[in-house]
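Line order of the protein sequences matches chains A and B.
Convert by adding 45 to the 1-based position in the first sequence; the result is the number in my numbering.
Convert by adding 785 to the 1-based position in the second sequence; the result is the number in my numbering.
In case anyone wonders, no lab produced these hints; they're calculated from the structure.
Please note that a few of the clues may not be correct.
To be verified - Stretches of chain B that chain A covers, calculated by requiring three or more beta carbons in the stretch to come under 8 Å of a beta carbon on chain A:
id	stretch
1	829-835
2	884-891
Unchecked claim - With a cut-off of at most 30 Å between alpha-carbon atoms, the simulated DSS-like pairs for lysine-lysine come out as follows:
id	chain 1	residue 1	chain 2	residue 2
3	B	LYS854	A	LYS113
4	A	LYS69	A	LYS113
5	B	LYS837	A	LYS123
6	B	LYS837	A	LYS69
7	B	LYS788	B	LYS854
Said to hold, decoys possible - Partial selection, computed: residues in chain A whose CB lies under 10 Å from chain B:
id	residue
8	GLY87
9	VAL98
10	GLN125
All values reported here derive from a predicted model rather than from experimental measurement.
Ideal placement from N, C-alpha and C gives every residue a C-beta, glycine not left out.
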Amino acid sequence: DAGVIQSPRHEVTEMGQEVTLRCKPISGHNSLFWYRQTMMRGLELLIYFNNNVPIDDSGMPEDRFSAKMPNASFSTLKIQPSEPRDSAVYFCASSYPGTGDTEAFFGQGTRLTVV
Amino acid sequence: DAKTTQPPSMDCAEGRAANLPCNHSTISGNEYVYWYRQIHSQGPQYIIHGLKNNETNEMASLIITEDRKSSTLILPHATLRDTAVYYCIVRVVGDYKLSFGAGTTVTVRA
Numbered sequence: 046d047a048g049v050i051q052s053p054r055h056e057v058t059e060m061g062q063e064v065t066l067r068c069k070p071i072s073g074h075n076s077l078f079w080y081r082q083t084m085m086r087g088l089e090l091l092i093y094f095n096n097n098v099p100i101d102d103s104g105m106p107e108d109r110f111s112a113k114m115p116n117a118s119f120s121t122l123k124i125q126p127s128e129p130r131d132s133a134v135y136f137c138a139s140s141y142p143g144t145g146d147t148e149a150f151f152g153q154g155t156r157l158t159v160v
Numbered sequence: 786d787a788k789t790t791q792p793p794s795m796d797c798a799e800g801r802a803a804n805l806p807c808n809h810s811t812i813s814g815n816e817y818v819y820w821y822r823q824i825h826s827q828g829p830q831y832i833i834h835g836l837k838n839n840e841t842n843e844m845a846s847l848i849i850t851e852d853r854k855s856s857t858l859i860l861p862h863a864t865l866r867d868t869a870v871y872y873c874i875v876r877v878v879g880d881y882k883l884s885f886g887a888g889t890t891v892t893v894r895a
């Protein structure tokens, strides 16, 4: 398996524009996570899906952020409208079925710059 | 409310063992100790986890004290490619959440 695949790897956009980040989890994994990493706040969990259903979105910063998982092999994180403070590296991770003591596999991340 | 405490940075020599400490004095009986690392410009990578027994895999060994209030991650023969930020995380059994702190920046020097 190629691992968790994120696209694009880098995104530069202007303030106010819509940004969509994409993630393909590892086949067979039923849990998917979106994280954001900044120098100031480190790695933060934004949202957690289990079996394509959002279970915990308490980390989503505000209504400008939305995430979907239309099927087991694809998820998106959308920011509309984007702001400079959204600049960060966004990671997607997936884990396989089982109890909570399983490892999460992270993608390479999308580096977002909002100017 | 940090559940773990790690030194901010440490150096080690290539080929030597690297011993990374972590304090988790408030750990509960139903919480695992996890270790992840993040190499520059990459996503975090799972290393190892344990509940109360010592664990070893192809990457590292995890030594948990008997009272479970601290642990040590051991990289037996550090290489330059082990330079990374290492995160010690306490996670409730059955919980999905991984709460990353600041971690320890480990620099392996030739």
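TODO: Assess, step by step, whether the Cα of B:LYS788 is no farther than 30 Å from the Cα of B:LYS854, and give holds or violated.
DONE: The hint holds at about 11 Å.
Task: Restraint check, 10 Å cut-off on beta carbons, for A:GLN125 near chain B - done: Because about 25 Å separates A:GLN125 from the closest Cβ in chain B, which is outside the 10 Å limit, the hint is violated.
TODO: Go check the stretch 884-891 of chain B versus chain A for me, would you? Three or more residues, Cβ under 8 Å, otherwise it fails.
DONE: holds (count 4)
Open item on the list: Checking one constraint from the list: CA of A:LYS69 to CA of A:LYS113, max 30 Å. Satisfied?
Closed with: Holds - the C-alpha atoms of A:LYS113 and A:LYS69 are around 12 Å apart, at most 30 Å.
- [ ] Could you check if A:GLY87 really has its C-beta closer than 10 Å to a C-beta on chain B?
- [x] The hint holds - A:GLY87 has a Cβ within 10 Å of chain B, the shortest such distance being about 6 Å.
- [ ] Closer than 8 Å, Cβ to Cβ, for at least three residues: run that test on the stretch 829-835 of chain B against chain A and report holds or violated.
- [x] holds (count 4)
Open item on the list: Just to be careful, I want the Cα atoms of B:LYS837 and A:LYS123 compared with a cutoff of 30 Å; is the pair within it?
Closed with: Roughly 41 Å separates the two Cα atoms, so the pair is violated.
Task: Pairwise hint evaluation, A:LYS69 against B:LYS837, where the allowed Cα distance is 30 Å at most - done: Given pair B:LYS837, A:LYS69 is violated - Cα atoms ~34 Å apart, limit 30 Å.
TODO: Take the C-alpha atoms of B:LYS854 and A:LYS113, compute the straight-line distance between them, and say whether it is at most 30 Å.
DONE: Roughly 39 Å separates the two Cα atoms, so the pair is violated.
- [ ] Report holds or violated for the interface hint on A:VAL98, using the least CB-CB distance to chain B and a cut-off of 10 Å.
- [x] 13 Å, violated
Consistency note: the structure conflicts with the earlier hints numbered 3, 5, 6, 9 and 10.
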